[in-house]
Amino acid sequence: MVKINGELLPVDGKTLTEYLKTTEYEPQRIAVERNGEIVPKSKYDDTLLKDGDTVEVVSFVGGG
Amino acid sequence: MIPTREEWLEALAARHGERLQKRLSAASVAVCGLGGLGSNIAICLARAGVGRLILIDFDRVDITNLHRQQYKAAQIGMSKSDALKENLLEIAPYLETETHNVKITRDNMRELLLGADIICEAFDKPEEKAMLADGVFEMMPDKSLVSGSGMAGLASANLIKTRKIASNFVLCGDGSSDISDGEGLFSSRVMLCAAHQAHAVIRIIAGENDF
Numbered sequence: 001m002v003k004i005n006g007e008l009l010p011v012d013g014k015t016l017t018e019y020l021k022t023t024e025y026e027p028q029r030i031a032v033e034r035n036g037e038i039v040p041k042s043k044y045d046d047t048l049l050k051d052g053d054t055v056e057v058v059s060f061v062g063g064g
Numbered sequence: 001m002i003p004t005r006e007e008w009l010e011a012l013a014a015r016h017g018e019r020l021q022k023r024l025s026a027a028s029v030a031v032c033g034l035g036g037l038g039s040n041i042a043i044c045l046a047r048a049g050v051g052r053l054i055l056i057d058f059d060r061v062d063i064t065n066l067h068r069q070q071y072k073a074a075q076i077g078m079s080k081s082d083a084l085k086e087n088l089l090e091i092a093p094y095l096e097t098e099t100h101n102v103k104i105t106r107d108n109m110r111e112l113l114l115g116a117d118i119i120c121e122a123f124d125k126p127e128e129k130a131m132l133a134d135g136v137f138e139m140m141p142d143k144s145l146v147s148g149s150g151m152a153g154l155a156s157a158n159l160i161k162t163r164k165i166a167s168n169f170v171l172c173g174d175g176s177s178d179i180s181d182g183e184g185l186f187s188s189r190v191m192l193c194a195a196h197q198a199h200a201v202i203r204i205i206a207g208e209n210d211f
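Protein chains in written order, with our numbering: chain B, 1 to 64; chain R, 1 to 211.
No wet-lab data here; the hints were simulated from the structure.
C-beta atoms are modelled at their ideal positions from N, C-alpha and C, and glycine is treated no differently.
Treat the hints loosely; a few may be bogus.
Stated by the list, open to error - Quick list of simulated restraints, FRET-style, between CB atoms: (1) Tyr25(B) x Glu138(R): 13 to 23 Å; (2) Leu48(B) x Val102(R): 33 to 43 Å; (3) Lys103(R) x Leu8(B): 38 to 48 Å.
To be verified - A few chain R residues that face chain B, going by a derived Cβ cut-off under 7 Å, partial list only: (4) Glu18; (5) Asp134; (6) Met140; (7) Ser149; (8) Ala152; (9) Ala155.
So here's chain R without its partners, still in its complex pose (with noise of 0.2 Å):
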């Protein structure tokens, strides 16, 4: 039998208090590319009671995606959107989501970031990287942004790191290990690197500044 909303919501208080809860609740966090970092950053938010994801992708679930990424086998052929959507409400059913199964570019961003009070950074190409951090601090410098950079190979976990860059940027990752060395994704270490996301975005949620 699936919980009632109401019971969803004490469960959630009794673990870490009304007060943060309120919060969670009230929270909208956009997810920029569901891969293996926005994947894990998604399943992870919704565990932990944020009111509401934004989700966005324009890909589909492809066999090489299922090594790291939160999808079934089952899904494979789906929007990445949509199947994300499926699986995060059966975890957490009362979750509010909006998914948008589009290419983010400098253009569509602030329409599709509006909504959002903390965006999280998860594509896997540099250059989109820098794009969304740009665009987000030269149009939307009110909403703060977690960005991963640095997952891949089977270096050290203990390089992944949480760095407060300036007051609206966090950067996690070990900020060197680049897929383009020929370094695989694992993943253990990309998810290490999308807990590390994921947790800031919390603390960020809870009023936590020291980074």
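Chain B on its own, in the form it takes in the complex (with noise of 0.2 Å):
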């Protein structure tokens, strides 16, 4: 099971991109944290996603 924000998730063994497909985050308001590290975007195909990882997804908005 995956952590992702909070949530326990049975995403082990997907990709970043595979995962976020399932979602209805927009890609390009992301920012996404792994383990304590942000995950390039241009790393998102080849992150495999595994079992006790912890994932936040910090989705922006607009104002500033």
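Fit the two chains together into the complex; they arrive one by one in their own frames, and the hints show the way.
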């Protein structure tokens, strides 16, 4: 199981890209942290989610 | 009479100690976007005694900016980078500034941010916030990024928070109040988020690790 934004999800084995496709996140408005490090967008296709991973998807909103 | 540089530094050191002032003086902080967040962040950091600010914005001061941005009526029409530099030097005459009247892109960001230890993201579009974050983490992961997301509207001030997302990434704001929801931007709440960001920068410079 992978903990994503506090929720345990059975997405081990999926790449970040594959997981994000199943969500409503807009890829151009997010940053993804995995196990304490930010994953560059160029690595989303190659990043395989593993059992025990902790992930946070930060979704930026407008204003500033 | 404008104080001498020594008097100015002594006054700051008397406030928070010589050791911290040495760190602040040696720090170089980039402020990307000089609007509601950026102009307030810059003023805060200049007052606190940060040695050098890299100020980046492509835009000009507009009448609609005045209700939350640190510009004056007489500066309408001026480039934000020039106007803010002027205002900052009136407050902190010995502040070193580097100004860039350009739009930050993936292609130019590395060169623009090379001299910064800490980068403040102060854009208004979520895509640009994400673009800057991605560029910093991929190309300059040794630098710290302090970003702002969610400060629109009149929701409670207590919802504005500072969170450490990764070792080099601090995020301030309420995370959800978006201007696209028709929420206005109020100087008080924008300033709150900007202060959170400036405070995070000062804490990083001071070596504070718990966020």
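Structure-based check of all given hints:
Between tyrosine 25(B) and glutamate 138(R) the beta carbon distance is about 19 Å. The supplied range of 13 to 23 Å therefore holds. At about 38 Å, the CB distance of leucine 48(B) to valine 102(R) agrees with the hint of 33 to 43 Å. Between lysine 103(R) and leucine 8(B) the beta carbon distance is about 41 Å. The supplied range of 38 to 48 Å therefore holds. Hint status for glutamate 18(R) relative to chain B: violated, with the closest Cβ pair at about 34 Å, above 7 Å.
Hint status for aspartate 134(R): holds, given a least beta-carbon distance of 5 Å to chain B, under 7 Å. About 11 Å separates the beta-carbon of methionine 140(R) from the nearest beta-carbon of chain B, more than 7 Å, and the hint is not met. Residue-level restraint check for serine 149(R) holds (minimum Cβ-Cβ distance to chain B is 5 Å; threshold 7 Å). Look at alanine 152(R): its Cβ gets to within about 4 Å of chain B, closer than 7 Å, so that hint holds up.
Proximity of alanine 155(R) to chain B is violated relative to the hint, the smallest CB-CB distance being about 12 Å (cut-off 7 Å).
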